Amino acid sequence: MTTAELSGDAAVIAASRHDAEAFGVIYDRYAAGLHRYAYRRLGPQTAEDAVAETFLAAFRHRDRYDLGREDARPWLFGILTKEIARRWRTEQARYRALSRAGEAEAVEGFADEVDAAVSAQATRGALADGLRGLAARDRDVLLLVAWSGLTYEEVAQTLRIKVGTVRSRLHRARLKLREALGEDTMTDFFEVE
Amino acid sequence: MDEMTMLDDFGAALDPDGPPPRDLRRRVLTGVMRPQPVWRRMLTGRTGMRVAVGGGLAAVLTAAVLAAQVVPFGGSGPAAQAQAADILAGAAEQARHQPDVPVRGDQFVHVESVATVLGMNEATKQSSTAVIARRVWLSVDGTRDGLIQQRPRSGGDWTDTALPGCHGGVVTQTKGGVTVTNACTPTPAYRGGLPTDADAMLAHLYRIADEQPNKNPRDQRAFTAAVDLVAEAYLSPASLAAVFGAVARIPGVSVVGDVTDEAGRDGVAVALHEVQGTRAELIFDRDSHAYLGNRSVALQDGDGLRAGQVMYSAAVLTVEIVDRAGV
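If you're matching them up, the sequences are chains Z and S in order.
Counted from 1, the first sequence has number 157 at position 81 by the working numbering; the numbering is strictly sequential.
Counted from 1, the second sequence has number 207 at position 211 by the working numbering; the numbering is strictly sequential.
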C-alpha cells in the first residue's frame, strides 16, 4: 500500500506526476461516482467510454491540477461534463427513448386503473422530455446539482462559473422542467435557491 | 413532490446495476501505464495498483546497469522456433513431474525470488536499477491479507507491503490510524480448474489476450498472458505443463540462446519480440528445462534505454503453498 492511498486527492495527484500508478487511487476513489452520473445521462456503453476518457484526460493533464484543491471531484466532473457534451447525440437519444418508455407504460396503465407505479413511469417520461428540452448549460447545472452530490460551490468550480450563475441556471432549468411536467402550481417555486 | 425530488427518483431508476465494470478500471489503468512492461505488471502484482514501487525500490537504487548476456545459438526463423518448441516440451515434461500440491482457499502462495528492475522516472526519463530480493504471500482465494517483502539484495531490512484481502466484497486498508474501505472482487492467487492440456490452454491464453484492452498484437498478448500465469505463481503440474505446451504454439516464439539467470543459474531463454521494441523472455534451466524465471530486454536504443539493456529480470527460487502470510 502506498501512502498515496491514504492522502488527500492533491497529494495523490502530485505523487502521480512521478509515479503513474498512484493515479489508480484517484480512479478507485471516484470511478463509481463518475460512472453512475455518466450512466444516468448516457446509458451503459457510452458512459464507460466517457468515464475512461475522463480519467485518461485527467491523467494527461495532472500537471495542471491545482494542488491547492484537496477534493478532485470538481475537476473530474468538469472533464466528464465535457466528455458528455461530446456525446450529446447519445444523451438526447437516451432521453427520447426514456420519454417513449414512459408514455407506453402510462397508456397501458390507464386500461386497468392508474396506479402509483404507472404514474411514476409517466413522470419519468415527462422528466426525460423536460431534460431533453433544456439548454445544455442549464442541464449541466441541474444534473450536477441533482445527481453528482456536489454542492453549489463545487458545481460552480466544476463548470468554472460563479455560484450566482449556478443559481440562475438552476432556477431556469427547474422552471422549464416544471413546465414539462405540466404542473401549474407555483407554490414552492420561489424556494429555489 | 417537487421536481428535484422527482429527479432524484428518476436518477435512481436510471442507475447502473453495480459498480463500474472491472474492464473499465483495466482500460483506464492500461491507458495510464502504457506501455506496460512485464516487470511493472509483476511489481504491481495481481492485486492491481497497490504494491509500492516507490517504497521498496526507491530505497535500493544503484548505479549499475546490466546488459543482457546472451550466447545466441540456433540462428533464427524456423530453426529457432523448433528449438524453442523442444525446450518448451522439456519444460512441460519437467513440470509434469512436480508434486501436485493440494491447495486450500485459506492458504497462501509463497514465492521467493530475486529480481533486477530498471526503474524509469516517467518525467525525467532517468533510469535507475534496483537489485532486490523479494518474497510474497498471496492469498489463494484472494480474501485473506497477503504480504510482499522486498529488500536490497546487498542486505538490509525487509520493506513490507500489505496486500489487504477482499473479504465480503470489501477491502479495508489501514495505515497511520486512517482506514479506507473500498468495494472489491477477490483476486485469487491460485485458480483450480485451469486447462490441463496444451490446446485448451492455448485457447485460454488467447481468451485472456482478447480481454486485454490494449492494441498489442494478439500473439504478444497471449504470450504476456502466459508469462503472467507462471510468474510468481503456483500452478498444478498439469496446468503448468499445458502453459509451456501452449507457448510453443504461439507464432513468433523462438529460442534466444544461453543466458545466466538472475540467480546465476545456467539457463536458456525462449522469447517473443514485442512491438514496443522489447523482448519478453521465459528462462529455463539449461539441462532440466525447469522454469527459472523471466526477463524483459530492450532491443533498440531510445526512451532512455539502450539496445540489449535488461529492463527486468526475475529468478524464482522457491514456490510453496503455506498456511499463513509472513515469516
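Just so you know, these hints were derived from the structure itself, not from any lab.
Be aware that one or more of the hints could be misleading.
Residues on chain Z that point at chain S, a partial pick, calculated with CB under 8 angstroms [unchecked claim]:
| no. | residue |
| --- | --- |
| 1 | F99 |
| 2 | R112 |
| 3 | A128 |
| 4 | D142 |
| 5 | T199 |
| 6 | H247 |
Negatives, chain Z to chain S, calculated, CB over 12 angstroms [unchecked claim]:
| no. | residue |
| --- | --- |
| 7 | R176 |
| 8 | A212 |
| 9 | T227 |
| 10 | G240 |
| 11 | T241 |
Per label pair, the in silico range of CB-to-CB distance [as the list claims (entries may be wrong)]:
| no. | chain 1 | residue 1 | chain 2 | residue 2 | range |
| --- | --- | --- | --- | --- | --- |
| 12 | Z | R93 | S | P98 | 44 to 50 angstroms |
| 13 | S | V97 | Z | D139 | 45 to 51 angstroms |
| 14 | Z | R213 | S | D102 | 51 to 57 angstroms |
Every value quoted in this text rests on a predicted model; they were computed, and no experiment measured them.
Yeah, the Cβ is synthetic: ideal placement off N, Cα and C, and Gly gets one too.
We went through each hint and held it up to the structure:
no.	hint	result
1	F99	holds, 5 angstroms
2	R112	holds, 6 angstroms
3	A128	holds, 5 angstroms
4	D142	violated, 19 angstroms
5	T199	holds, 6 angstroms
6	H247	violated, 12 angstroms
7	R176	holds, 15 angstroms
8	A212	holds, 17 angstroms
9	T227	holds, 14 angstroms
10	G240	holds, 19 angstroms
11	T241	holds, 18 angstroms
12	R93(Z) to P98(S): 44 to 50 angstroms	holds, 47 angstroms
13	V97(S) to D139(Z): 45 to 51 angstroms	holds, 49 angstroms
14	R213(Z) to D102(S): 51 to 57 angstroms	holds, 56 angstroms
Violated hints, in rising order: 4, 6; the structure is consistent with all others.
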